[in-house]
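J.: Residue strings, one per chain:
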Amino acid sequence: SQKIEQNSEALNIQEGKTATLTCNYTNYSPAYLQWYRQDPGRGPVFLLLIRENEKEKRKERLKVTFDTTLKQSLFHITASQPADSATYLCALKDSSYKLIFGSGTRLLVRP
Amino acid sequence: DSGVTQTPKHLITATGQRVTLRCSPRSGDLSVYWYQQSLDQGLQFLIQYYNGEERAKGNILERFSAQQFPDLHSELNLSSLELGDSALYFCASSVLTSGGTDTQYFGPGTRLTVL
Chain A
1 SQKIEQNSEA LNIQEGKTAT LTCNYTNYSP AYLQWYRQDP GRGPVFLLLI
51 RENEKEKRKE RLKVTFDTTL KQSLFHITAS QPADSATYLC ALKDSSYKLI
101 FGSGTRLLVR P
Chain B
112 DSGVTQTPKH LITATGQRVT LRCSPRSGDL SVYWYQQSLD QGLQFLIQYY
162 NGEERAKGNI LERFSAQQFP DLHSELNLSS LELGDSALYF CASSVLTSGG
212 TDTQYFGPGT RLTVL
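Protein chains in written order, with my numbering: chain A, 1 to 111; chain B, 112 to 226.
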């Protein structure tokens, strides 16, 4: 069956370090993958999109990689700040137009 | 502010009742999506409309229905409510780009509490 997996355990890191979050998927062949940020009680906010033919995408302190062989995307936040604390969701579009979200990984950045 | 509006912000009702949630997409976006997020759960896709037509369906219960009107706003109707329907309901809108991607812009959500 089709699955998107993100680490359900919270990631707890020190301010200034790089946070790395993982998204693995099975039985999908997505043309692109997206990352969103969600704060408690609020709607997700789009961060980055990476296509299947792109290995890496950057935006300010954010970097996303996409390995279609491993069926994995990594999401990095460099020089992390307490304000980066949130839940980060990966999402990909399946063949029937649905955008399927992973369950998200909570990031906590300690000052 | 994403440009997507949802009303009401909060809704408290009793089991067995029926409610309607409303969503106005961003100007120019033709697609509207509805999601349910229960406490500490992931986003569950319910249904998508594109320019008034149903495009994709997720695990939407038969007690739930939705529609998109000619002005592109959408309503999600939840009937015969049960305690387990208590959740945050999000609406999102998107426009398909020439590159074939669509990024979703989420509204602030409606928090439904069924007592």
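Be aware that one or more of the hints could be misleading.
Label pairs and their computed distance ranges (CB to CB) [unchecked claim]:
#1 H184(B) with R58(A): 34 to 42 angstroms
#2 E165(B) with T18(A): 37 to 45 angstroms
#3 T224(B) with K17(A): 25 to 33 angstroms
#4 P181(B) with H76(A): 39 to 47 angstroms
#5 D39(A) with L226(B): 44 to 52 angstroms
#6 T18(A) with Q178(B): 17 to 25 angstroms
#7 V45(A) with S138(B): 14 to 22 angstroms
#8 N12(A) with E165(B): 39 to 47 angstroms
#9 G210(B) with A10(A): 15 to 23 angstroms
#10 V45(A) with H184(B): 15 to 23 angstroms
#11 K168(B) with E5(A): 20 to 28 angstroms
#12 R61(A) with L226(B): 24 to 32 angstroms
#13 T22(A) with S149(B): 41 to 49 angstroms
With a straight-line cut-off of 16 angstroms between C-alpha atoms, the simulated EDC-like cross-links for lysine to aspartate or glutamate are [said to hold, decoys possible]:
#14 K71(A) with D84(A)
#15 K98(A) with D151(B)
#16 K57(A) with D67(A)
#17 K17(A) with D84(A)
#18 K71(A) with E9(A)
#19 K71(A) with D39(A)
#20 K98(A) with E165(B)
#21 K3(A) with D94(A)
#22 K168(B) with D94(A)
No wet-lab data here; the hints were simulated from the structure. Here a beta-carbon is modelled for each residue, glycine too, at the ideal position from N, C-alpha and C.
J.: So which of the earlier hints does this model not fit?
T.: 3, 5, 6, 9, 12, 13, 14, 15, 18 and 19
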